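Student: Chain by chain, the residues run as shown.
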Amino acid sequence: ETGVTQSPTHLIKTRGQQVTLRCSSQSGHNTVSWYQQALGQGPQFIFQYYREEENGRGNFPPRFSGLQFPNYSSELNVNALELDDSALYLCASSLTSGPTYNEQFFGPGTRLTVL
Amino acid sequence: SQKIEQNSEALNIQEGKTATLTCNYTNYSPAYLQWYRQDPGRGPVFLLLIRENEKEKRKERLKVTFDTTLKQSLFHITASQPADSATYLCALGDTGRRALTFGSGTRLQVQP
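Residue numbers (the working numbering), protein chains in the order written: chain A, 16 to 130; chain B, -4 to 107.
Hints were generated in silico from the structure; no laboratory data involved.
Being a predicted model, the structure only gives us computed values, none of them experimental.
From the structure, some residues in chain B lie toward chain A, with a derived Cβ separation under 7 Å:
(1) Arg37
(2) Gly38
(3) Pro39
(4) Phe41
(5) Leu84
(6) Ala94
(7) Phe97
(8) Gly98
(9) Ser99
(10) Gly100
Simulated restraints on C-beta separations:
(11) B:Leu6 <-> A:Glu67: 39 to 45 Å
(12) B:Thr73 <-> A:Asn86: 38 to 44 Å
(13) A:Leu82 <-> B:Asp62: 38 to 44 Å
(14) A:Gly18 <-> B:Thr64: 33 to 39 Å
(15) B:Ala78 <-> A:Leu54: 20 to 26 Å
(16) A:Arg30 <-> B:Leu6: 34 to 40 Å
(17) B:Thr63 <-> A:Gln32: 42 to 48 Å
(18) B:Thr63 <-> A:Phe84: 36 to 42 Å
(19) B:Lys50 <-> A:Phe84: 39 to 45 Å
(20) A:Pro85 <-> B:Gln(-3): 33 to 39 Å
(21) B:Pro35 <-> A:Gln33: 27 to 33 Å
(22) B:Glu10 <-> A:Pro85: 45 to 51 Å
(23) B:Thr64 <-> A:Asn86: 41 to 47 Å
(24) A:Glu67 <-> B:Gln106: 46 to 52 Å
Beta carbons: idealized from backbone N, C-alpha and C, even for Gly.
Produce the complete structure using the sequences and hints provided.
Tutor: Quick look at the structure:
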């Protein structure tokens, strides 16, 4: 069973640029959530995808968008990057039923730095 | 608005002692509460889940309590070891939306 993987591990961008982060969910998991974690803070929910549809969104502007593919992998896109977007971006996969329902399995994260 | 508070100051304890971490919340009626461990530069790792109708849950050296009247959870690590040193995150969830609301975490340092 493969865990959640994310790419790239680190990324440096400048203000105004666009970025795409990628996530492969744990085998068999059909739900993917994205979180932003600023230094010294807990993760903040960005949005969740279930069967390729957005299934809930946190308090993030529309320039944060996402996709989920038929194999349940996912992308997070951020347009018009701002300095405050510098953070660790975490992807988490989960199931909608079964004994591990409600557990979120996190990837190692992508560290984004915006200069 | 919903607020989750964890002790922002690091907790330093001696090896072998019991570590107790606190999670308080306001303006929230969660269906369940979870605790995660996070090491520097890594994603959180799930430890325990406790539901609103449960008072206590145990797993090996870990114990979680959940008091919905006080709006508080306590997380205990007994016989703590230096390898337990990490940041511990409390997260609340509800049945309608599987997204989690996290606290900012408490850093635990176990001294040998």
